[in-house]
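Engineer: Here is what each chain is made of, one letter per residue.
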Amino acid sequence: MSENIAAFFYLVASVFFILALRGLSSPQTARAGNLYGILGMVIAVATTLLTPHVVSYWLIVAGILIGGAIGTYIALQIQMTALPQLVAAFHSLVGLAAVCVAASAFTAPQEFGIGVPGAIERASLVEMSIGMAIGAITFTGSIVAFTKLQGLVSGRPLMFPGQHWLNAGLGALLVLLIAIFVASGAGAVFWLLLLLSLALGFLLIMPIGGADMPVVISMLNSYSGWAASGIGFTLSNSLLIITGALVGSSGAILSYIMCKGMNRSIVNVVLGGFGTEGGTVVGRAGAADRSVRSGSAEDAAFILKNAGSVIIVPGYGMAVAQAQHALREMADLLKKDGVQVRYAIHPVAGRMPGHMNVLLAEANVPYDEVFELDEINRDFASTDVAFVIGANDVTNPAAKTDPDSPIYGMPILDVERAKTVLFVKRSMASGYAGVENELFYRDNTMMLFGDAKKMCEEIVKAME
Amino acid sequence: MADPASLAGRAGSLADDAGRLAQDLQAMAHQLSFQAATATTGPVGGPSLVYELTIFVLAVFVGYHVVWRVTPALHSPLMSVTNAISSVIIVGGLIAAGPAGFGFSKFIGFVAVTLAAVNIFGGFIVTQRMLQMFQRKK
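These protein sequence lines are chains A and B, in that order. Under the working numbering, think of the first position of the first sequence as 626, with each following residue one higher. Under the working numbering, think of the first position of the second sequence as 26, with each following residue one higher.
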């Protein structure tokens, strides 16, 4: 296949990738979009295999078979609650693959048509080193994110004095090394650059706390795109450049949306240190002796059955307790009794963008009963019961009223406007932000202490 | 007939012609060598950096506009599908693992192909699983 024809098919593949993202604009077209994506990938791989660069196939076939089998197995086994760590792990693979391609292009540039070993064109050296550095940062950064999400290490931010200065210094050193590498083309500098980038990826994500993980995953998603683009520049391959740019901007937009959902700036998130493990109440004096009304499953069942409309506010705690199926059963019973049931999703409910929507969809909740914050927030005032399950910070009115609160300015779901608020919680402990929720002490609030799943099951039993 | 003066004139113009021809030839040779040089800079006919930057910037804009139209409910599938398509980096791995013989660069090309394949299969399948849940329930 000639270079021109190959370039044409690469263009076709790029268009399919754009259509794949376009399909996600509604649930009806999304599956067709995914098929476009697969088609684009098949075209891209087949085109490359037919170019004169590829003459030996056995190693390639082996790689695709091994990788394909592992990927298929993981994707079919994974629980939807573990989706965030899966995506983090996948990002790390893209990063490492980018590093491998850059290293291969450096050691055998003649195969990529960018020069001969020791005499690689300067522009290619620039592109290669940048692509490799971003890939390496994505790789180690994603591994740190994975271990935090998987619970292998504590979600607490890991801070030490002088951390930001160290990172800034290493960042400056990285730029300097790239300059030296481009000027000299020396192999030693290339490997040094790789080590430094790997260390930097690790250090950058380490201080970011568990609560900020939705932003981190989106950010790493973006990085993996930029890495692919960087490699595309190195290989002068327009398909890689286009795809990388699509993915990069997608991740950047998601990071922005997540930051807005928490009212944090991206700089603030990157600098890290926000959030605790959850569980410690940073209570103000006198909070302890305020009275809390707590109720049983039977009380809750009675209130819910007599309501005309209910809005359910699920949070990550619901997913941890695997309560989504029991919750949907409860909602089904209510709907049978003529109660209007809707779900309100906060942008940062769950551990990655859109995570809660997937968990509800998995439990067979119809997607037209699920609403985003902007769509449903004003309806709380005309709602009889707000049923908050496994969520805390995203309902805290302090975000609107208390300028000293760490979550001040964060958009929240106005559950306090509902006639009655039911809170399913294990204890009075605070959420990720470590802030107390004064809603617990309101007169129209009833606390339902217990495991989210058990509580839902008991409510179902009481209603039947 | 054989006027020495006109003969000398014709010889002179002939020499001029030859000179111009040589110049043209030199220019053509120069052009050819330039083309040959650029042709070796990249597999796809060697587009210049500015040309590549153009593609890149336009693609960022396309991505920006397409992604803002994605419904928030599908942000998780968006992330897994972008993850899958960013594995198009497999193209680089294929080129690295493609030549005859065996060496370091071919080996890491193989590693790149394997890693990207995990991602491609895993990413598309997990996206499909998610999207199936979003089908309208009867």
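Quick caveat, the hints were computed from the structure, so don't treat them as lab data. Please read all numbers here as calculations on a predicted model, not as lab measurements. Ideal placement from N, C-alpha and C gives every residue a C-beta, glycine not left out. Keep in mind that the hints are not guaranteed to be accurate.
Stated by the list, open to error - Capping the alpha-carbon separation at 25 Å, the derived lysine to aspartate or glutamate pairs in DMTMM-like fashion look like this:
#1 K131(B) x E628(A)
#2 K961(A) x E1063(A)
#3 K131(B) x E746(A)
#4 K1079(A) x D957(A)
#5 K930(A) x D957(A)
#6 K1025(A) x E1063(A)
Said to hold, decoys possible - Derived CB-CB ranges, DEER-like:
#7 Q157(B) x I691(A): 22 to 28 Å
#8 Y698(A) x Q157(B): 17 to 23 Å
#9 V75(B) x Y698(A): 40 to 46 Å
#10 F127(B) x A811(A): 22 to 28 Å
#11 V945(A) x V75(B): 39 to 45 Å
#12 V75(B) x L675(A): 38 to 44 Å
#13 Q157(B) x Y682(A): 29 to 35 Å
#14 V637(A) x S38(B): 52 to 58 Å
Engineer: Now look at each hint and say whether the structure bears it out.
Structural biologist: Going down the list of hints, with the structure as the test:
no.: 1; hint: K131(B) x E628(A); result: 22 Å, holds
no.: 2; hint: K961(A) x E1063(A); result: 34 Å, violated
no.: 3; hint: K131(B) x E746(A); result: 21 Å, holds
no.: 4; hint: K1079(A) x D957(A); result: 17 Å, holds
no.: 5; hint: K930(A) x D957(A); result: 12 Å, holds
no.: 6; hint: K1025(A) x E1063(A); result: 12 Å, holds
no.: 7; hint: Q157(B) x I691(A): 22 to 28 Å; result: 27 Å, holds
no.: 8; hint: Y698(A) x Q157(B): 17 to 23 Å; result: 18 Å, holds
no.: 9; hint: V75(B) x Y698(A): 40 to 46 Å; result: 44 Å, holds
no.: 10; hint: F127(B) x A811(A): 22 to 28 Å; result: 25 Å, holds
no.: 11; hint: V945(A) x V75(B): 39 to 45 Å; result: 51 Å, violated
no.: 12; hint: V75(B) x L675(A): 38 to 44 Å; result: 29 Å, violated
no.: 13; hint: Q157(B) x Y682(A): 29 to 35 Å; result: 34 Å, holds
no.: 14; hint: V637(A) x S38(B): 52 to 58 Å; result: 56 Å, holds
Consistency with the previously given hints fails for numbers 2, 11 and 12, ordered from lowest to highest.
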